[in-house]
Amino acid sequence: MKSLIPTRERIIELLTALKRHNGSLKNIFADGKHFAEAQSYADKEDQLNEVIEILTNIHFFSVLYASFCKESYQAEMERFKDYKDDEE
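Using the working numbering, read the sequence shown as starting at 20 and increasing by one per residue.
The reader is advised that the hints may include incorrect statements.
No farther apart than 20 Å at their CA atoms in a straight line, the calculated lysine to aspartate or glutamate pairs in the EDC-like style are these [stated by the list, open to error]:
| no. | residue 1 | residue 2 |
| --- | --- | --- |
| 1 | 63 | 32 |
| 2 | 63 | 28 |
| 3 | 89 | 101 |
| 4 | 100 | 90 |
Pairwise CB distance ranges, derived in the manner of DEER restraints [stated by the list, open to error]:
| no. | residue 1 | residue 2 | range |
| --- | --- | --- | --- |
| 5 | 95 | 68 | 32 to 42 Å |
| 6 | 65 | 102 | 53 to 63 Å |
| 7 | 32 | 103 | 45 to 55 Å |
| 8 | 72 | 104 | 40 to 50 Å |
| 9 | 85 | 28 | 26 to 36 Å |
| 10 | 103 | 83 | 29 to 39 Å |
| 11 | 62 | 96 | 48 to 58 Å |
| 12 | 83 | 32 | 24 to 34 Å |
| 13 | 98 | 72 | 35 to 45 Å |
| 14 | 101 | 62 | 50 to 60 Å |
| 15 | 75 | 100 | 33 to 43 Å |
| 16 | 74 | 101 | 35 to 45 Å |
| 17 | 28 | 94 | 33 to 43 Å |
| 18 | 104 | 76 | 25 to 35 Å |
These are computed hints drawn from the structure, not numbers from a lab.
From a predicted model like this one, the values you see are computed outputs, not experimental measurements.
All residues carry an ideal CB built from backbone N, CA and C; glycine is no exception.
Using the sequences plus the hints, can you model the full thing?
Now the structure itself:
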């Protein structure tokens, strides 16, 4: 099972590969005539999909963390409110 959190090196490797091939994705067609180009396109697409998955996971965990922080904050505010009410 793959880790949900990629290593820093893997992110840099993927982004470097995508940067190197920037713009060429539109120019390569997998029509059977150019097998090497078709394979290159497939590899780039795999790399792009992995980056998208990484960014999606990062987004998911950041939303989850923000939700947790909000709930914790609200719970603390409720406890503080209850504490103030008890003092009065």
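Here is what the structure says about each hint:
no.: 1; hint: 63 - 32; in the structure: holds, 12 Å
no.: 2; hint: 63 - 28; in the structure: holds, 18 Å
no.: 3; hint: 89 - 101; in the structure: holds, 18 Å
no.: 4; hint: 100 - 90; in the structure: holds, 15 Å
no.: 5; hint: 95 - 68: 32 to 42 Å; in the structure: holds, 40 Å
no.: 6; hint: 65 - 102: 53 to 63 Å; in the structure: holds, 55 Å
no.: 7; hint: 32 - 103: 45 to 55 Å; in the structure: holds, 53 Å
no.: 8; hint: 72 - 104: 40 to 50 Å; in the structure: holds, 48 Å
no.: 9; hint: 85 - 28: 26 to 36 Å; in the structure: holds, 27 Å
no.: 10; hint: 103 - 83: 29 to 39 Å; in the structure: holds, 31 Å
no.: 11; hint: 62 - 96: 48 to 58 Å; in the structure: holds, 51 Å
no.: 12; hint: 83 - 32: 24 to 34 Å; in the structure: holds, 26 Å
no.: 13; hint: 98 - 72: 35 to 45 Å; in the structure: holds, 39 Å
no.: 14; hint: 101 - 62: 50 to 60 Å; in the structure: holds, 59 Å
no.: 15; hint: 75 - 100: 33 to 43 Å; in the structure: holds, 37 Å
no.: 16; hint: 74 - 101: 35 to 45 Å; in the structure: holds, 41 Å
no.: 17; hint: 28 - 94: 33 to 43 Å; in the structure: holds, 38 Å
no.: 18; hint: 104 - 76: 25 to 35 Å; in the structure: violated, 42 Å
Hint 18 from the list above is the single one not met by this structure.
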